[in-house]
Structures are given as structure tokens and as C-alpha cells.
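Each protein sequence line maps, in turn, to chains D and A. Take 0 as the starting number for the first sequence in numbering that gives the first Met the number 0 and just add one per residue. Take 0 as the starting number for the second sequence in numbering that gives the first Met the number 0 and just add one per residue.
Be aware that a few hints might be false.
Unchecked claim - A short, non-exhaustive set of chain A residues, derived as facing chain D with CB atoms under 10 Å:
hint, residue
1, E76
2, G205
3, M212
4, A228
5, T236
6, K239
Just so you know, these hints were derived from the structure itself, not from any lab. As the structure is a prediction and not an experimental result, all values here were calculated from the model. Where a beta carbon is used, it is the ideal one built from N, C-alpha and C, also for glycine.
So the chains spell out like this:
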Amino acid sequence: MVFLEFEKPLESLYEQLEKIKQVGEQGVIDVSDMIKELENKIKTQRKEIYSNLTGWQKVQLSRHPERPYTLYYINQMCKKFVELHGDRYFKDDKAIVGGLANLDGQSVVFIGHQKGADTKDRQYRNFGMANPEGYRKALRLMKLAERFNYPVICLIDTPGAFPGLEAEERGQAEAIARNLFEMAQLRVPIVCVVIGEGASGGAIGIGLGDKVFMLENTWYSVISPESCSSILWRSWDYKEQAAEALKLTADHMYKFGLIDGIIKEPLGGAHALPGEMAKILKKHIKKELVELVGMDPDVRIEKRIKKYSKMGQYAKKPKTKSDTVSTKVK
Amino acid sequence: MGWFKRLKDGIVTSTKDKKEAPDGLWYKCARCKEATTIKELRENYHKCPKCNYHVRIGSYDYFDLLFDGKYQEHFSELVSKDFLKFKDLKPYDTRLEAAKDKTGLDDAIVVAEGKISRKPIVIAAMDFSFIGGSMGSVVGEKIAKSIDYCLKNNIPFMIISKSGGARMMESAFSLMQMAKTSAKLSQLSKAGIPYFSMMTDPTTGGVTASFAMLGDINFAEPEALIGFAGPRVIKETIKKDLPEGFQTSEFLLEHGFLDFIVDRSELKTRLGDLLSFFHTKTA
Ligand SMILES: [Zn+2]
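If we strip away everything but chain D, and leave its shape as in the complex, we get:
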């Protein structure tokens, strides 16, 4: 088990529990009461820790090394999954995966960022940071879904689009922009769920949907707290403050009307009970699809665009010198 810094009180309780269990195995003393007591203590402690998480602690949870990733969820939720590769122009990006899946009888297209489980795998997946070909593969799969009238489900989990030299050469910005443009008009339902990190353009590049949800312990922001700290505080040391200032948690995002709902995680986070998490996620997606599939595509698209059109907070100043006609200076 991997314990995050704020989980340290749990770690010592688990250590005690292990020791008592070892004593119990020797068969001299009956330790069952002590075990029960400790397990209760762990439960209470966990509840307490998890009911008061800060923004930065949620960021840490979203990056927990044992947290389930896209392919885990797809394989848990669907009996059949055929992964489809390549953008048909340049290559197959390993940081974004996708394919055809059967979700209890409903054919769907899954698309998601994919991170790696160990050092080698993490490099293979480029830490979930996609290049333009990843976004173009995603778009190809969305168009496939549109042609065969399958809903699209996007699972978001990225520290950002890859900021590399070749990514720029091949048009990282164009690839993301194109996806936003096409997703706005896609004639099939789109459900997006932030399952880990929702960092900036790299996240929203597969994140425009009829319904967008966040798992409880995830974040969504225009910039990572670390980068925000380095730019605005001119130091890497203010990531906690940046995480608070950015109001990047699911609670905030829902309150702001920027997402459509929050999906509860099991106590201790998605990594504590990944199977349980997959079940909750599946139930949620299925419920949303029932509603969306029945809608007229034109109505659905109009509603989708209207939803995004409303996003923004601004004030209006009284019309004084505003909207005047001007002539050339020269």
C-alpha cells in the first residue's frame, strides 16, 4: 500500500494492525478484539481524513500511483472491448486510447487518456501527455461513433498535452482546437468524466460533452498548481496556495456550473476499492446515456452549445462612452 503524506496516521495504524495479526498467528493470545478495535479506528480515522481534504490533497489523490486508469475502467465495465489504434495520418499515440465497447448491450466508443502503472509503462504512455496524433486518433474514433450512431464516452486523466518540439511541428494547438470544434457538432451523445487529472487544453481536448462529470477526488483547471505557482508566485513552492486559489476541485467546479455532477468515490479514494469505483462509474454512465440517447440530435447539439455559451462570469458597466462610433486617427 502507498500512503500519501496526509494519510500517515493511517499508515501507523496499519503497521500496528499487521503486528497484532502476527502475534495472533502465533496462537498464544486471542487478538480478535484488538483487531476489531484497530479496524474501527482505521475506519474512523480514514473518514476524518477524507472528509476534510484540501485542494492540494485532492490533486495528490488524483495522481495516486495505485489509482485506476482508463483501460482498467473500460475492461471492468465492458465485457467486450476492441481497442482501435492510430490517427491514420502519422502514428498511434499511446497516451490516448480508444475503441469499441459493449456496455451492457449498448455499443459505445470509449476514448481516454492512459497513464502507465510502472516506470517503463509510464514512459510508454508518455505519462498520459498526448501529442497531436492522440487528439486526431480521438477525433477519428468520434467520427466512427457518429457514423454508426454510438455514444462517445471520454475519460480524462492527463497532466497536460505534451509540450514537445514535434508536438508543435505537428500542430498540437490545431489538433485540440479541431476537436473542440468537431465535438460541439458531433451528432451522437458525448459523456465525459474526469477520472484523475484534468489539466488544461490537454484535458478539454477530449472534454467537450453533453454531460461532464468529475470523480470526487479529481481536479480540473486551466493550469496545474505547480505551473501556476511557478508563473504567478515565481517559485515552485506555492503549489498548495495555487491549488486553493484555482478552486480546482469537483465541489468548486460543480458549484460554478462548469461540470454537470460529481461521482462519489469509495471511502479512501478510487484506488482503495477500484472494482467498486468501476461499478459506480458504470452505473452513472449508463444512467446518463439512457437520457441522452433518446434525444433528437439537433436538440442535443443545441443544448450542448448553449451550456458552454453560458460559461463565464463578468460584470456590465453602464453605457457611457461605450459603443461609440470612431473614425480613423489619421
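Starting from the known structure of chain D, arrange chain A with the ligand on it as the hints suggest.
Just chain A with the ligand, lined up with the frame of chain D:
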């Protein structure tokens, strides 16, 4: 309805009330370091007469360069507010006030309607001097409103981008402006109304990864910095020096992301030519 009849609230002013350097002052070129007078510079389309460096200019400068005479500003009532109570080294509302004082502008974009070669067009032009031309809710809303206006009146639309990207102090609201502006542009596209995207120095981040790259025609001024990630971030990532000319207009043209590069002195003529190819209903 004729164009002039629509200007019912308008008051004709000889110059826009803005901060401008007097003609007698000198400008030292940021590139070749040669000095020219402000007057010379202005007469040369705000380009260095010695090396043709395109000096960064503001929204009203572009309106003056491009429109046939009069133009009408739209949606100027929209102003940013610090609804997140965002505070880094300074609170966001202090930054906003300082930016307003410094620039005389209300935000990082100004929308105006006018004519180029007698053809109507709505231009949304960004101001880098206002918090790095960053895109927050006001930038997104002004673009969305402009698109609705163009849809309703069947007028071509153009955005002149000049931005460091999304405005961090508006967090996810600024991120969502990428989705919002792109979604609105998809409506314009569907209606068959042309959208021209001009990128100027610099155009990076969330602005490039949304409306700037979505033009029916994409073009740029010479030697502008255009990219998704900033050069410093890329250098840190790949741990190598970047090749010369990386992320310039010329680099993007070569890699297939721009239709052409246009010198500022030819911009008005080029836009007139473009507009002649896209016939929209005349009022
Ligand atoms: Zn010069």
C-alpha cells in the same frame, strides 16, 4: 437597413479616447535597435522602417489601419470581475484595476464593426497590453456575442489574436472559454459565414488551441510567435535548445497551419480581396 442607420446610439468622435505617444517621441526598435520617430513608425504601419519588424500594436490601431473610415464598437459594456477572489502575489481585482489604468482598456479584446473595401466585417482584436492578452470570461463572451451578431446579420467575422493564452486568475472559467468560442465558431461555420483568423505576435496557449486555429482562412503577420506551449516550457521539457525560427509564422506556414503570411502594409488590401470571395447577403 443601411449601415449608418444602425448607429443610433453612436456619437461621432474624432479620436478614440486612448493613451497614445505624441508624434515627436522616438521609438527604439526591439529587434535592430535603430531609432525612428513615432510619426515615421505610424506612417509605416507600425513597422520598423529599417528592418520591417512588426511592432506589437493594439486593437484600436488595427481598426484604424483596416476599416474604411468609421467603425462601431460592440459589447464594450462587458468587464471582468474577480468572482473567484483569486489571489497570488496580488489579488486579481488589483491586477484588473492596474491593467485598466495602464492601458485605458476594459479588457484584452475589443470588438468593432465596420467596412473594408466597402464590405461589412466584424473584427474582434486582442490587446496584449491587458494582462498579456489573456483570455478570460470577457474575451470568450465578446467573441460569442460577436458570432451571434454575425449569424443574425450575416456578416463575416475576423479575430486578430495576440495573447499569452488563458487567464489563470479565472481558472477553469478561462479554460471553458476554449470550448465556448470553438462551439460558437462551429455554428458560424455551419451557417456558411466566413471566419478569418489572424495571428499576431504572440499567439500561444489556449487561444491558439481554440479560435486562433479554427479560421476558414488562417494567416499571420511575419515573424510572430505562434504555438501551443511556450518556448521556455518546451526547452525545459526536451532539455535541448530550440532550432532557429521555431514557432514563428514562417515555421507554421511551412508545417501547413497557415494559409499565408501578410505584411501589415498589405493587410487591408488582402482582406478586401478575401472578402470579395465570400459573398454574404448585403443589408
Ligand atoms: Zn528594426
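Find the hints from earlier in the document that the structure breaks and name them by number, from lowest to highest. The structure conflicts with no hint, since it agrees with every one listed earlier.
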